[in-house]
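Enquirer: Got chain A; can you put chain B on it based on the hints?
Listed here are the chains, written in short residue letters.
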Amino acid sequence: MATEGLVFGPGLPPQGERAAVEVRAGTVTVAFANGRREDVPVSWLRARAGGWRGDALQLEWGDATTPFALSVSDPIVVRAIQAQLGSRNAGVRVVSSHPPRAAMIAVLVIGIAIAGGVTLLAVQSRHLVDLAVRRIPVEWEVRLGEQSLPAVLAGTKEVSDGDAARTVQDLGDRLAAQVESPYTFTWHVAQSSQVNALALPGGQVVVFTGLIAMAETPEELAGVMAHEIQHVVQRHSLRAMVRGLGFRALLGLVLGGAGDAGSQVAGLVEHLGGLRFSREQEELADRDGLALLQQAGIDGKGMASFFERLAKTTGELPALLSTHPASEERARRIRAQLAGAPVATPLPYDWPAVRAAASRSPDTTQGW
Amino acid sequence: MASMHEVDYKIFGDDMQYVEVELDPQEAVVAEAGGMMYMQDGIAMETIFGDGSASASSKGFMGALMGAGKRLLTGESLFMTVFQNASQQKRSVAFGAPIPGKVIAVHLAEMGGDLIAQKDAFLCAAKGVSIGIAFQRRLGVGLFGGEGFIMQRLQGDGWAFLNACGTLVQKDLAAGEKLYVDTGCLVALQPSVNYDIQMVRGIKSALFGGEGLFFATLQGPGRVWLQSLPFSRLAGRIYAAAPQRGGRGRGEGSILGGLGGLLDGDNG
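Taken in order, these protein sequences are the chains called A and B.
If you're matching positions, the first sequence starts at 0 in numbering that gives the first Met the number 0 and goes up one per residue.
If you're matching positions, the second sequence starts at 0 in numbering that gives the first Met the number 0 and goes up one per residue.
The following block holds chain A by itself, in its conformation from the complex (with noise of 0.2 Å):
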């Protein structure tokens, strides 16, 4: 029968030692950590009652006035020891240690209570967002990105001439004018070492110098585009933005005026690393994103040998991967759905020249 238990006394710190405890018949051994062993006839003992609820067997021995002492609240160990006391264990009463059974269904009821309204809530939210996001009009959503913008950028420098800029202005518009939407897109190119694109309601995009610099061909860069704007589109941005903020911020939002809804959007961008979405959207965006480029006639090819480079990437987990589904498998799925598609005539931009402009750029990033 063994156990752990506090000892003290002399010699001993204040608050006690920690020993493992051996109780056999007729004695009780105390074993401390380094190595030294106390064999304790039980006739010694004095026993009494104790621990801080009363559940506990303390028992003493040696001198009365700096005795040792050990406190042991295992039950069966206390039983045990309890036996083998006999009569000198009179009058010791031992709370018993199981908690009432009455406190535990308490307990455990509420548990449940939270976690099934945790469940409903999860579940319900869905489609709150959805009827929420069908009945927000373009202007709004306009407005929501524009508000928006400014957390987004901070902390980031935004890059407005140059190569990197000037490519990703005249990408964007090409493939912008392939897509029938009331959205006009306006183009960000931020300093950020981050492999990454945000797409924010109503068409305000933001491309992360980081993502240029790892793309080896224009097309790659135009694959992201593409999705991004896939993501306005479809209005994924808006979903996420009120999922994320909830209705009533977003409302505040875009009414102005509303004090902290500015800084939630920092705290949703700064903590989810941006806007969440979900895999079935990105899927869709993967999807329609490609067909912009083959409409707009760009090689799509780009698309997926971006993903795949990203998929090899180790060490430091770009951002874009952390929410998008496993790279390899994109890229498998968009090759897929390019097989037998017209071969592209490559894109005129002197790239090398581009990438050199965009990791050039100092990071500015405020890491978090």
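Errors might be hidden in some of the hints.
As the list claims (entries may be wrong) - Facing chain B, according to a computed beta carbon distance under 7 Å, are these residues of chain A, among others:
1. 51
2. 52
3. 66
4. 70
Claimed, not checked - So these bits of chain A aren't anywhere near chain B, every CB distance computed over 12 Å:
5. 43
6. 45
7. 59
8. 71
9. 127
10. 156
11. 296
Keep in mind the hints are simulated off the structure, nothing from the lab.
Remember, predicted model here, so these are calculated numbers, not experimental data.
Quick reminder that beta carbons are idealized off the backbone N, C-alpha and C, glycines included.
Expert: Frame of chain A; chain B shown alone:
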């Protein structure tokens, strides 16, 4: 224990203190949601259900549910926040005590790995320390002990930080040594200390002594922590002096009363 995070810390301030915890890369601390004062760049915050200790997750789903129910019962938030150093350098994060008083650091391994504290005492702890609930089983202590039936149980081998109101004192009781304590002044104790309630003798001192009808009896062996000012006592004084209660503007001993208030400038 490998799962316990060893943190370095420094306590600042005199009577309203805060603790700054220095984290090596990948080290983490847990705190009640809302306790953070500041943190350096590179520390990642994550809100978790429960306390993030291994023991909480190994109990499975039912364990998590029980934990949630218990935390709700104590009036605590269901969630805790983990602050992890995600950078490659040492980084600090600080937690401020929500009440005027002292912050103390307790190394749980030195205490035998187990500490019982009053409900609001917990400030933060190294990740790996389990922050659970323990129910008092003695009816008398539960009803009249000042803490109710529910106390916090900190288990593990790392640093834990407690805060208490007023001055905090640590006392070591030898085996059998007794200490009588006002029920509101107990902050924490080692589980080996026997904690019971005793009624004040002589009804006169109970009625006029202002100490209440009961006090706590602590009997060694073990270490106990006491606070000089139970927060409820401070709150009572503040409430009594609050303007809504007719305590407006009158400095201690001032006979000017309302007139003096004209000159104060803090009347808005």
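Enquirer: Does each hint fit the structure? Answer for all of them.
Expert: Taking the hints in turn, this is what the structure says about them:
{"no.": "1", "hint": "51", "result": "4 Å, holds"}
{"no.": "2", "hint": "52", "result": "5 Å, holds"}
{"no.": "3", "hint": "66", "result": "5 Å, holds"}
{"no.": "4", "hint": "70", "result": "4 Å, holds"}
{"no.": "5", "hint": "43", "result": "14 Å, holds"}
{"no.": "6", "hint": "45", "result": "10 Å, violated"}
{"no.": "7", "hint": "59", "result": "6 Å, violated"}
{"no.": "8", "hint": "71", "result": "10 Å, violated"}
{"no.": "9", "hint": "127", "result": "22 Å, holds"}
{"no.": "10", "hint": "156", "result": "17 Å, holds"}
{"no.": "11", "hint": "296", "result": "43 Å, holds"}
The structure fails to meet hints 6, 7, 8 from the earlier list, while all remaining hints are met.
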